[in-house]
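Top line first, the protein sequences correspond to chains A and B.
If you read the first sequence in my numbering, its first letter stands for residue 1, the second for the next number, and so on.
If you read the second sequence in my numbering, its first letter stands for residue 1001, the second for the next number, and so on.
Just so you know, the hints here were simulated from the structure itself, not pulled from any lab data.
Be careful, since some hints might not be right.
Simulated pairs of lysine to aspartate or glutamate, EDC-like, Cα-Cα distance not exceeding 20 Å [said to hold, decoys possible]:
#, chain 1, residue 1, chain 2, residue 2
1, A, LYS420, A, GLU180
2, B, LYS1224, A, ASP82
3, B, LYS1274, B, ASP1231
4, A, LYS47, A, GLU304
5, A, LYS305, B, GLU1229
6, A, LYS253, B, GLU1283
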Amino acid sequence: MIILSLLFVFTLMFFLKSSALLSFADPLRSTSIALGFILLFAYLFGKEINRIKLPQITGFILAGIVCGPHIFKFLSVTDVKDLQLLDGLALSLIALTAGGEMRLARLKGRFKAISSVVVLQTAFIFVGFILLGWLLPSLFSLQSDGVLPSVFVFALLMGTLATATSPSTTIAVITETRAEGKLTDLVLSTAVFKDFFIIAIFAVVLSTTKFLSSPLQGFDLSFLRHISREIGGSVLLGAVIGGGIILYLKYIKKELTIFILGIAFFTYQISQGYGYHPLMICLIAGFIVQNLSPLGEDLILALEKVSMPVYVVFFAISGASIELPALKNSWVIALIFVLWRGVLKFSGTYLGARLVKEETCFRKFGWAGYISQAGVALGMAIVIERTFPQWGTQFKTLVLAVIAINQIIGPIFLQKLLIKSGETGRKSQN
Amino acid sequence: MRAIYAFGILILIAFLGSRFVFRGKRALSPFNFLFFSGFIYVFLGLYLGRHGLNVLSPRVLTGLTPLISLGLGWIGFLFGFQLEYKYLKKFPKKYIELSLFQFLFILFFVSPVLLVMLRWLYPSTQMYLLYGLAVSLALLAGIHSPTLLNAVSSSLSKRGSYFFLARFLVSVGGFWGIMGLALIASFWHYPFFESGIILKGALILIISTLIPALMGYFFHLLTKKRISEQDLLVYLLGMVFFISGAAFYFNLPPLYLGMVLGIVFSNLTKMHEKIYPLLLSTEKPLYITFLMLIGALWEFNLNWYVALLVFLFITLRLIGYVLPFPFFDKLLRFSPQLPFRFGLCFFSSGGIGIAFAVSLKLAYPLPLTDIFLSVALISIILNEFFGLLGIKHSLWRMDPQA
Chain A
1 MIILSLLFVF TLMFFLKSSA LLSFADPLRS TSIALGFILL FAYLFGKEIN RIKLPQITGF
61 ILAGIVCGPH IFKFLSVTDV KDLQLLDGLA LSLIALTAGG EMRLARLKGR FKAISSVVVL
121 QTAFIFVGFI LLGWLLPSLF SLQSDGVLPS VFVFALLMGT LATATSPSTT IAVITETRAE
181 GKLTDLVLST AVFKDFFIIA IFAVVLSTTK FLSSPLQGFD LSFLRHISRE IGGSVLLGAV
241 IGGGIILYLK YIKKELTIFI LGIAFFTYQI SQGYGYHPLM ICLIAGFIVQ NLSPLGEDLI
301 LALEKVSMPV YVVFFAISGA SIELPALKNS WVIALIFVLW RGVLKFSGTY LGARLVKEET
361 CFRKFGWAGY ISQAGVALGM AIVIERTFPQ WGTQFKTLVL AVIAINQIIG PIFLQKLLIK
421 SGETGRKSQN
Chain B
1001 MRAIYAFGIL ILIAFLGSRF VFRGKRALSP FNFLFFSGFI YVFLGLYLGR HGLNVLSPRV
1061 LTGLTPLISL GLGWIGFLFG FQLEYKYLKK FPKKYIELSL FQFLFILFFV SPVLLVMLRW
1121 LYPSTQMYLL YGLAVSLALL AGIHSPTLLN AVSSSLSKRG SYFFLARFLV SVGGFWGIMG
1181 LALIASFWHY PFFESGIILK GALILIISTL IPALMGYFFH LLTKKRISEQ DLLVYLLGMV
1241 FFISGAAFYF NLPPLYLGMV LGIVFSNLTK MHEKIYPLLL STEKPLYITF LMLIGALWEF
1301 NLNWYVALLV FLFITLRLIG YVLPFPFFDK LLRFSPQLPF RFGLCFFSSG GIGIAFAVSL
1361 KLAYPLPLTD IFLSVALISI ILNEFFGLLG IKHSLWRMDP QA
């Protein structure tokens, strides 16, 4: 029945967007139909993909790619841009869920493992990419008539971006597979922790590469002040919002759907406006509700109720926004980077886990949980593009190709890891 | 201000406001009813719009127009979902006949008088536009809503046989008006056809009906087996967004498409007990957001022409509802008899009336439509006040057993 419905929705959209009806239509008013279509199509596609043991998220992303501006064009570039307004809402909901899922009792004693994995993964990727630049410098040259970055600068930036993982995808796959257990907690908390860590590192790398690209400007240490303000402010805001949620759940507990949506929406908008980190704020808020009150489950239930439609659109739109022409032009180099990143992730995770005597399953397969890339890496690529206008766009195009591949294969790897660990489906049983 | 921030403000007000709308038993005073019914948010929207704080500026509103379209589709769906054949057939056939006769009488009584007045007021406007405006206002006059009746009856504990007949009529009455809206939007489709009006109009009407009907049918098949609440929510949102979006894309009335979807889905599915809580949980915040957007969209211009049209509209509507009841009574042989004052139960147009007016405003971006919206909104709000008095007067006197 799902296949039939998929065909029906697809055919209907094909008919409505056909040239026969174009004279009746107003192409500037296509965002709402695009939203409805992608919500239905991506969700059904995700369900169908799930039958062949692939994560639903991969289905959402693939549906976005297929229906996006480069293949069937059911979603125009403008539609994709308009619907990206939902990104903030989705990211906040995802981070609230992540925070709410992190139980202090279960994390106790794991901080050593988390920091070991994060530090070694990061170190391996940085060194690995610099090494690759030294061995194969032709891979690190961009096609541009203007000023080009040095191989070292290129490798350093690529290394930073390669370290980033997508915590949103991690959380979404964990939620979908209803996984629960030691390995799940470790993968999730490492992915989230790494997100903060990499943002701080990125600020340092950006200042360093700016200095290396134009040494006359001098080394700018102001980033340290920015980082401390951003992190300190975010933690404080997160604590305040977490406290507010607790009070609301305790004393009012009505209209939860709109309350949760409102919190997610405003947190994202306010934090963006004042330069704070929305993911961190929501994560801390969720963490506080879960660990400082008995209302964590109520929050998770309310989040589960509202978040699915937002997730579907978020991942489908992230698929639709993948620059297929960029992938077409640079897929060979992108593929080499993806493979090399995978090798480095494996080595870093293996050694990091071994150092703190983690279980064999995590040592061998834990790397599979850190492949996907999305918002954070994309955001950093955009900052690089703006910081280095001479070659930033070409750099971003290559990075987009890498992200596209990682975002397609990442959820599949993570799902396989969770199945292998035997922790999937536990949540529903409980 | 960016549309995204304005949207945030709307969410906040909707969240706070939903705690006060349709709550409590304070509906008996007209002033309280302004809060109870949510119409206060139309004025709040007006204040937030270009005539006030300009938070919902024309540019922001353009960005939020898809949201209005989605709101209209959702209201249409909610309305259509109530029209379940299994439920309707429990009532005598003459109830439906009465509803149709009532609507037709209003349509053919109100539209010619309004047309004459419009020709006198706007002599330089093209005739087909004036004709369209007169018919639109007459269709609006034929729409009524059950909110006021339910509110008054619950606070007065009046539930006699007249009440049940009146509730049936106000519940289904919107159907005819929305059908009329579909006909207008198809055969007077904007931008107006220069040739092949009948053929193109018929094609548009068929598309407007087939898209939601097919969608409803397929999703009934999809939801026939046991599905989770999460699946249901995604399907419902997807369906309503899709058909509202299709309506917006082709400049069709989302209210009609939503209604057809609601009717088809409601008559096929057996999951009413699962769907109603889902719909109800979103109803109030969505309604408030919708009312505020409409307020902001309103080009408020209360001049003598508009005042005259409002007066005429309300008077014609009053006559049109009160006058024919003894005639209908003779025609359909009701027991107990239907006196003149029974017509006083049908003043309120409620949210469905507003949705109808806005559907037209969105479908026809013309200066004349702004006049229509002003007349419609002012009349709807005034009718709520008169309706309150009318229902009390009517039900109190007619239902001695209650």
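So, going through the hints one by one against the coordinates:
no.: 1; hint: A:LYS420 to A:GLU180; result: holds (13 Å)
no.: 2; hint: B:LYS1224 to A:ASP82; result: violated (34 Å)
no.: 3; hint: B:LYS1274 to B:ASP1231; result: holds (12 Å)
no.: 4; hint: A:LYS47 to A:GLU304; result: holds (17 Å)
no.: 5; hint: A:LYS305 to B:GLU1229; result: holds (8 Å)
no.: 6; hint: A:LYS253 to B:GLU1283; result: holds (18 Å)
The structure does not agree with numbered hint 2 stated previously, though it agrees with all others.
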